[in-house]
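**Student:** So the chains spell out like this:
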Amino acid sequence: MLVRFNAMADNSYETKAFAAGMLNPAAPKPDEIIGPNGKAADKRYNVYRNNVTVSLINAVADIYPAVQKIVGEEYFRAMAREYVRAHPPKSPLLFLYGQNFGDFIDRFEPAKTLPYLGDIARIERAWLTAYHAADLAPLDPARLGMVDPQRLADISFTPHPASYIINSDFPVHDIFLMNRGFMELAKVDMSNPQALMLTRPQTDTRLILLSVGEHVFMDAILKGKTLGDASALATETDISFDLNHNLQMLLASGATIQINLDGQAI
Amino acid sequence: MSNAVKSTVSAAVMASAVAAAIAGVNLGTINDAHAAKEKCFGVSLAGQNDCAAGPGTTCQGTSTIDYQGNAWKYVEAGSCETMSVGDNKAGSLTALTRDVPA
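Top line first, the protein sequences correspond to chains A and B. For the first sequence, our numbering gives the first residue as 17, with consecutive numbering after it. For the second sequence, our numbering gives the first residue as 7, with consecutive numbering after it.
Since the hints were made in silico from the structure, they are not lab data. A hint or two may mislead.
In silico SDA-like cross-links for lysine to any residue, where the CA-CA straight-line distance does not exceed 20 Å [unchecked claim]:
1. B:Lys45 <-> A:Arg222
2. A:Lys85 <-> A:Glu98
3. A:Lys241 <-> B:Ser16
One side of the interface only, derived from the structure: several residues of chain A facing chain B at Cβ under 10 Å [claimed, not checked]:
4. Ala158
5. Leu160
6. Val163
7. Ala248
8. Asn260
9. Leu263
10. Leu266
One-sided and incomplete, this derived list gives chain A residues near chain B with beta-carbon spacing under 8 Å [said to hold, decoys possible]:
11. Gly161
12. Leu168
13. Ser247
14. Ala268
Where a beta carbon is used, it is the ideal one built from N, C-alpha and C, also for glycine.
Throw the hints in and build the complete structure from the sequences for me.
**Tutor:** Put into structure tokens, the structure is as follows:
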């Protein structure tokens with residue numbers, strides 16, 4: 017089976033012939049490729065093919081250091097090789113690569129014994145995506161004070177493009193921080209589910225651990241639900257839900273950029 | 007459904023929570039990441055310069071000599087220009103021409 021570099025902007029016959037089989041070690045060298053003075057090019061093509069595969073594995077390793085730390089380098093590179101061959105880049109920008117590595121890990125049979133690993137990968141991908149998201153100023157808390165108090169339940173918020181929520185059945189916040197060297201290694205309770213939010217209001221990506229109520233509230237807010245609906249949903253889920261505390265987190269996290277009312281920015 | 011949902015948090019409760027939140031929120035927490043750090047040139051050891059831009063970018067960990075003048079590292083705000091790295095060399099908030107690889 018031929019694997020195409022479908023990201024290549026150049027769709028010429030020569031490019032397709034060269035790219036076909038680039039990630040498939042069993043594919044023969046395309047006939048169109050020859051060495052200088054008409055010499056054989058099989059070794060050259062194999063060297064090039066190996067370099068492409070290794071550099072893409074290196075890119076996956078750069079994006080997912082915590083996953084690599086958890087499974088070890090040898091395991092990681094074997095898994096990444098499978099991934100690279102099944103999912104070649106769709107963009108020439110390498111920092112966008114590996115978007116579905118977490119989903120790949122979920123289905124990767126040897127990783128079934130580490131059921132949290134896919135979520136760790138999703139955190140690492142979101143971390144880098146947040147890093148490259150547009151630099152937009154977070155919502156100024158004073159703007160919330162200008163809303164007509166009678167209309168507060170009807171306002172909604174525009175999410176900051178660097179805001180992401182990840183919800184897991186496992187303590188992935190702690191596992192991620194420990195394997196990125198941000199937290200002391202310690203025993204984690206695998207029966208403790210964690211949700212978290214990533215934001216990047218300024219230069220650095222931030223990770224905020226969310227309680228059950230905070231997760232329901234922030235998830236609803238970032239999905240564009242009104243403040244009234246988000247508060248009600250969170251109250252239904254968590255009877256100890258504290259609206260004042262959650263609004264402070266919403267404002268301090270820099271997760272939103274704008275208040276909307278009746279379909280218009282205010 | 008939506009009417010029933012909205013009735014669970016009254017307008018008065020919401021207004022007081024919003025007022026309390028705005029009064030209580032620590033504005034510094036929004037800006038701290040920015041305020042607490044500054045880019046400091048010429049103080050980073052070889053290969054230890056900052057940047058978390060990921061693969062395919064060429065900044066993080068690419069400086070090749072110690073205290074390279076055009077490589078920067080995040081440091082605590084206000085501390086950069088007081089940082090001495092020996093031989094009368096100090097950090098700078100702008101790129102330096104000293105210690106640049108040939």
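**Student:** All hints are to be evaluated individually against the structure, with a verdict given for each.
**Tutor:** Here is what the structure says about each hint:
no. : hint                 : verdict
1   : B:Lys45 <-> A:Arg222 : holds, 18 Å
2   : A:Lys85 <-> A:Glu98  : holds, 18 Å
3   : A:Lys241 <-> B:Ser16 : holds, 17 Å
4   : Ala158               : holds, 7 Å
5   : Leu160               : holds, 6 Å
6   : Val163               : holds, 8 Å
7   : Ala248               : holds, 4 Å
8   : Asn260               : holds, 4 Å
9   : Leu263               : holds, 3 Å
10  : Leu266               : holds, 8 Å
11  : Gly161               : holds, 5 Å
12  : Leu168               : holds, 5 Å
13  : Ser247               : holds, 4 Å
14  : Ala268               : holds, 4 Å
Checked against the numbered hints given earlier, the structure satisfies every one of them.
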